[in-house]
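Peer 1: Residue strings, one per chain:
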Amino acid sequence: MNKPKNKAAVVKVKNDIEKSVLDFLKKGMDNEIFDAVLIPMKVPAGDSFAYVLIKDKSLLKDASYLPPVMPVQGANAVSSITRLGKGKMKIAAVLRPCETRATVELTKLGQTDLENIILISMDCPGVLPLSDFVKDPKKGMKLFDESIQKGEDKSMRPVCQICDKSSMVSGDIHIGTLGAKKDTFFVISNSNKGDEILSKLKISKKEDLDNWQSKVKNISEEKLKKRKNAHKTLKSKVGGLDNLLDTFSQCINCHNCMRVCPVCYCRLCYFDSDKVKHPSDDYLMRAEKTGSLRCPSDITLFQMGRMMHMSLSCVSCGMCEDACPMDIPVAQIFSMVADETQDLFDYVSGRDIEEPLPFVSYKEKELEEMEDAA
Amino acid sequence: MTKAIVINKTADQGLTEVLKFLLENNRVKGVFTLKKINKEGDVSYSLITNADDLKDSVPFYPLMPVNAAKILSRFTLKGPSNVPIVAVLKPCELRAFIELVKREQGSLENLFFISSTCAGVFPLEMAKERSIGKNLSKYFEKIKKLEILDDLRPVCRSCEEFVPYNADMTVKLIGENIDKKSIIFLNTKKAEKLVEGIKLDVSEKDLDKKTLDNFKSKRAEEKKKIFADIDNKTNGIDGLIDLFGRCIGCHACREACPICYCKLCEFDSSDCEYKPSNYEIELRKRGGLRVPPGTVYYHLGRLDHVSISCVGCGACEDVCPVDIPLSAIFKKIGESVQKVFDYIPGRAPKEDLPITTFEKEELKEFEE
Amino acid sequence: MKKDDEFLPKIIAFLCNWCSYAGADLAGTSRLKYPPSILPIRVMCSSRVDPLFVIKAYLGGADGVLVAGCHPGDCHYEKGNYYTRRRFAVLKKITENLKLEPNRLKLSWISASEGPKYAKVATEFTDQIKKLGENHTKNKIFL
Amino acid sequence: MERKIGVYICECGPNISEKIDIDKVIDAVSKLDDVSVAKRYKLLCSEEGKKYLLDEIKKQGLTHLVVSACSPRDHEKTFMEICEKAGINPYLFQMANIREHCAWITENKDEATKKAIRMTKAAIRRVRYHSSLKKKEIEGNPDVLVIGGGIAGIEASLQLADSDRKIYLVEKESSLGGLINNFEKTYPNMVPGSDIIKQRIEDIKKNENIKVYTDSEVEEIIGFLGNFEVKVKKVTEENEPAEFNVGAVVLATGSSVFDPEKTPQYGYKKLDNVITSLEFEEMNKSGKLSLANGEKPKTVAIVHCVGREKVGYCSDICCMYSLKFVRYLHDKIPNVKVSNFYSDLCIPGKTHQKFYEQTIEKNVDLIRSTDINIEKKANKISITYNDENKNKKNLSVDMVILSPAVIPNSDTKKLAGITSISQGDGGFFAEEHEKLGPISTTTEGIYIVGSAQGPKDISSTIIQAEAATGKILTSLIPGKKIEPEIKVSHISESLCIGCKTCLSVCSYGAITFDETKKVSVVNEVICRGCGNCVAACPSGAASIKHFTFDQLYQELVEAVQ
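Chains as they are written, first to last, in the numbering used here: chain A, 295 to 668; chain B, 7 to 374; chain C, 68 to 210; chain D, 8 to 568.
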C-alpha cells in the first residue's frame, strides 16, 4: 500500500455524483469483481443511516456513499463481517477515511480479515452531530447538502472541523472529488487490489493527480492549523486535574464512548470487569479522605485508562462524542491526546497496514527525552 | 398514623438537618445522596462521611444522573457494608435495588433507606444544558398543586408507583406547603431508633391518602396517553424496525439499566456473532442485511431478560443518544408481563423472582 | 412469493426428548399423516429452550415456532416444563404488546403416548399459520 | 481442523426409499461445505449395514458422521458405537430422523423429499459445530449407608451385607428395631413382633460387614452414585463426627403417628384412658393392660382414621392393626366388649380378609361412623357419632384407643435438606416415579425403603428393602466403573455474575455456589443435563455440552433458511 499516487482514473458524472459512485459499485458487482457491497443506507423510518451488506444489486440504488451522519463506525461493520473469518464473498466496503483507518488498526489487532475486502474511501466533508440529526432528519439532510455545496464545515461535528486527514488514502480505492474537473471524479487506486479492479473495469489510470493532491494538501494544512489551535485552547480549558475533573463532572459512567469506539475492541472492557469492583470499605475509606466521594467514582481513571489503551490507535472519528449522553467533548480531548502520543512514535493510526503498532514494537534507540538524563 | 419528624423548612433542608444529626451522632458512618459537586451546580450522587459536606447535599434534586441502585449494588456487591449507611433514593431506585439484591447483586444489611413520595425528575438532557436550576421553583409550584409538569420525563409523568416500598423513612414531597414544611415519616422501628433523641418535634401523622389517590389518577391519565401512543408505534416487525432502526448499537440502555447486572451481556457474547456462513445465508434470504446485525434481536432479547423486573426508572431512555422511546416500551411491556405473575418488582425483598419459581397450577391460558 | 393456497409454512418445533419427541416418533410409527411443515429440533428438556431461540427463529423467518414438552408434573427432569411455561408466558406477553403475531408461537404438552395429539397439534398449528400467511421478517434487511 | 463429513442415508428397506427420493437428497447435500461423501444404503442398522458404515468411515477418512434414517431414540446408540469402533468421537455424529418425522407422516413424495433435504442439511450444519466429548468414568464405592435401624433398615443392611457389602447403619435411638420393638404380635398370623426383629438384630451384631452407629444422626451427605461423602455424629456426646465414603444411601427413617391433640374432638390428653395405638401397643406388651385406675377395661372403643382428613390420605395399616388390637383385648380380657369406629375399612391383601373374618367372629362391633366426638360423662367416656344413616348415636366405654394417621418421621425434613431429596405427598420422601421408580429418588444412588416413602406394613417394607438391595447390587459392582452423564452443564467462571438463578431452577442440587469467587459451579456428576440452567442464565455463562447455543442455533438457521 501507499505507493506514490500520481496517476488516477477519471469517471464522468452522470446527473449526480452519488449515482455515479453507486453505478461504479454496481459495475463491480455486474462484473463479479465483488459479490456484495457494504455501504450506508437510510433506515426505513428515514431518521438515520445504517451500514447494510448488499448482495441484491437492486438495493444499491437506495444506498448513500456519503451519509450526513456516522451512526456506526464502518470499522465495526467490517469486523462484524470478517472477525470470524474472511468468508467466501468478496465485499466492497465503502468507508470514510477515518473509518478506513480504524479498519486498518483493527486488522493489526486481529479483529478483521481484509483478504476478501476491498476498502473504498472518499474525500470526506465531515458529518453532522448525530443527536441533532435524529431530532430533525429533514433539516439535517438539507444542512448537509448545503454545507457541501458551499464547502463549509461549520455545521459539522467539532472533531470533523479539525480533521486534517479527511482525504487520507489508506484503503484500496479512493473516490477523489477535490480538484476534479467539472462533472468528473477521480478513482484513485492505492493497492494492487485496487489496480486489479480498475483494469477489470477497463478504467485506465491516465489522468494525473496533481490537482487533487495540491487541493488535499491545502485543505489538510489549513485544517491542521485549526486543529493545533483548537487543541491549544482545549488544553488550557481541560488541562490540570481540577479542569479535567470539571470536564468530566457530568460523566455518568455509561461507557458509551468506549462501546462505540472502533478501536476499543475488547469483548469485556477492563473497566467493566471485576478488577474495578471493590469491597464497600474501600469506597468508604476514600470518602473519608475527602469528606465525600462522588458516585459513580473512578470517572477520570476510566477516561485516562482508555487514553492509555487506545490513544495510539485513535483515529479521531468522533463516535465517542456523538454517543455521549452528556455532551462531554470526549472526541476533541482524545484527538488532542492521540496526536501527541502518536507523534512520539511518528505513528499515524491506520495510515498504513504495514506500520506495526507502537506497543508491539520498539527501536533500540528512541525516546531518550523520556529517560532520566543522569 | 405513623411517627413523623416535622421541620419548618423545605424538604431538602429538613432532611439534610436529620442527615447531619445522623452523621454527627455516629448513628451512621455515611450518607448516600445527591450533592452539588462544582461551581456550575452539577449534581451527582455522593457518599458523604463528613457532616460539613452535607451543606451541598440536595437529596430531592429532581434529577436521576444514574439509577442509584447500580451504585449501591457496586458498593455492596462484595459483601454487606460493615458500618451503617443511610441512602436517600427515589422509589424506583429503591425498588431496583431490591431486585438486584434478589439477584445477589447487593446486600440490604447495614443500610437504611430514606425515600419520598416522588414527583418525578427532569430528563438528563436538562442537566446537560444546566437548565434544571432555573426550573426548580416551577417544579415545586406544580407539585404543590398536584399538577404534572410537562418538562418531566414521560416515564415519571406516567409513574403510579411514586410512594416508596421498603423505605425506613418517607419524606412527603407531594402536596401543599412542601416548601415550608418538611415531614419525614418514620415507617420502621429501625428508623425510630435511628433518630432517637433528635432535637426536633416528632408527632403522629399520615400521608394524605386522598391527595395521593387524586395525584395517582392524574398520573394514570398520563400513562394512558403515553401507552396508547407507544402502542401505535409498536406495530409488528415494521413498527419495531421503525422504532429501533436508528439504534446505533451502543447498548447504553443496558449499561444504564439497573436490572442489567451481567458481567458480559449475552448480546456482546460470541453467541451473537455472525459467522461468515451466517451472513451468506441471511443475504441469500434477504438480499441485504444491516451490519452489525441484531438490532431488533437485542431489544427483544433485553425485553425478555428485564421486563419481569423493570421498575420503569427511565434511565435507558435518558442515555439513549438517538432518543428511542425506550422507557415507554419497557414500562408498558414490563407492567403487562409482571401482571401475569401479580408481581411488582421491588415490592418485597422476600418475594421470589417469578423466573426462579413456579406454581403447579397456573398459566393455563398460555398452553394448548 | 408463493400464493397462500400453495404456501407451506416452515414451523420450528422444539421437542423434548422424553415426551414430545417420542410422541412425534409414535405419530410416525402409527403412520399418522400431518403436514411436512414441521421441522423438529430435539432438546433433552423443554426447559432448554431459551426464549432467545424462539426470537431468533421468528426473526430468521420461521412462520411458526412450537415448543413442546412433557405434561406438567410428568417432566423427566421433575420441574423443567414449569419454568418453560413461565418463560413462554413472558415471551408471549412481549410479542402481544409489540403486535408481533403472537399466534405464531405455541406451547403444547405432548406425552410419549400421544402420537395422535402430536399429529393433531401439527396439523392445526399449520392451518393456523397458513391463515396468518408468510412471516415477512424473512425479507427484512434492517433487523 | 479440516472437516470431512460423511452423510449416509438409510433406505430402511422400503420404509424410507419408497416415500423419499433419496437420490435428490444426496444431490442436495453432497455439494455442501465439508461434505466429502453422501451415499445411500439399504439398511444401515443391519449387521452388514454397520460393517459398511465402519469401513466407509475408515476408507473415506471421515471426521464427522451424519446419518439420515430413523429416530435417534432407536439407533443413535448403534451408530455412536460404530463411530467409536471407527476411531472418531461418537459425539461428532448427528442423526436426521427422516423416517418417523418425515417418510411415515407425509403423503406427497416431493414434499417428503424436500423436508428430508431440509432435515439432513440441518443435521449437517449442526454436526459441524459438534465437539468431541470424553467419556467420564469413576470407580464406584460399593459400600452403603443405611439411615434408620427399623425393620426396613435392618432388612436392607442384612441383605446387602450377605453379598459382602460394607454397611454403615445409623440409628438415632439407642437400640435397633424401631417401632416393631413395641409390637407384641404382628398381623395377620399373630407371630410375636420380637420373633421378626430379635434374630435379625442379633445377626447384625454378629455381622462384621455391618458397622452400627446408635444414638447417631447423619450430618452431611455430599456426592453422587458411587461416591457419597458422609458425616455421622453421635447425638449424645460432643465429639468429632465420623466421616466415611459410600456408593449408595438407603433412607429407611420410617414413620411416626399423627398427633391426636391436633384433633381435639377425640379428647386425647384431655381425658384419662384415651390413648394412641402406639401407647396401647406398649401398654399391651408390658402386660399391664389396664385403665388409669388400675382396673381392667370392660368396654373399649377403637377409633380408626384419626387425622385422616388432616393429612389427606388413608394410612393403609391402621384398619389391620386396629383389628389386631381386638385380638389383643380378647386374649387378655375375657368377654371385653370392643367397638371399632371406622369410616372405610381397608383390608387389602390375600391373607388379610381371613384375619378380618376371624376377628369379627369375636365380641366386636364394627361401627361405620362420622363426626365422632369424645367427652367425659360420669366416670365413663362418652362417644357421640353419626351412624351410616346420619343418625346421632352415643356409646359409653371405659377406654378409647385412637388409631392415628401414619406420618413421616420427625427428622425427614432435616434429611431432605441434607440429601436434597424433596418431600412429596404427606411430607414423605418423594420417589422418582410413583409407578416406575417407587424406591429410586431424583438422585441416583439414594433409595427410599419402608414407611419413609409412605405408610406400609412389614411385608411391603421388606419387599422394598429387597428391591433396593437389588438396585444397589446391580448398579454398584465392585471394580466396575460407573459412567456419569456426559452431556452436562458448565458455568463459565469468568462470565458468571453469581445471581444464583441457576441454583433455584436446578432440580438436582447439581449447582453449588462458590462463596469466595461468588460464582455458581456445576457438579458434573450430579447434573442430568436438562439444560434448564442454561436457558435461565441471562448472561450466557451457563452452557450445556452437545446442546450448546451454537449447535442448536445453527441447526435452527438451516431449518428456517
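Simulated from the structure, these hints should not be mistaken for lab results. Treat each hint with caution, since some may be false.
To be verified - DSBU-like mimics (lysine-lysine), calculated; alpha carbons at most 35 Å apart, straight line:
no., chain 1, residue 1, chain 2, residue 2
1, B, Lys291, A, Lys494
2, B, Lys45, A, Lys569
3, A, Lys429, C, Lys166
4, D, Lys292, D, Lys361
5, B, Lys26, B, Lys231
Stated by the list, open to error - If the Cβ cut is set under 8 Å, some of the chain B residues that face chain D in the computed set are:
no., residue
6, Lys15
7, Tyr267
8, Glu272
All residues carry an ideal CB built from backbone N, CA and C; glycine is no exception.
Peer 1: Evaluate each hint against the coordinates.
Peer 2: Consistency of the hints with the structure:
no.	hint	result
1	B/Lys291 - A/Lys494	holds (29 Å)
2	B/Lys45 - A/Lys569	holds (33 Å)
3	A/Lys429 - C/Lys166	holds (26 Å)
4	D/Lys292 - D/Lys361	holds (24 Å)
5	B/Lys26 - B/Lys231	violated (42 Å)
6	Lys15	violated (42 Å)
7	Tyr267	holds (6 Å)
8	Glu272	holds (4 Å)
Comparing the model with each earlier hint shows violations of hints 5 and 6; every other hint is respected.
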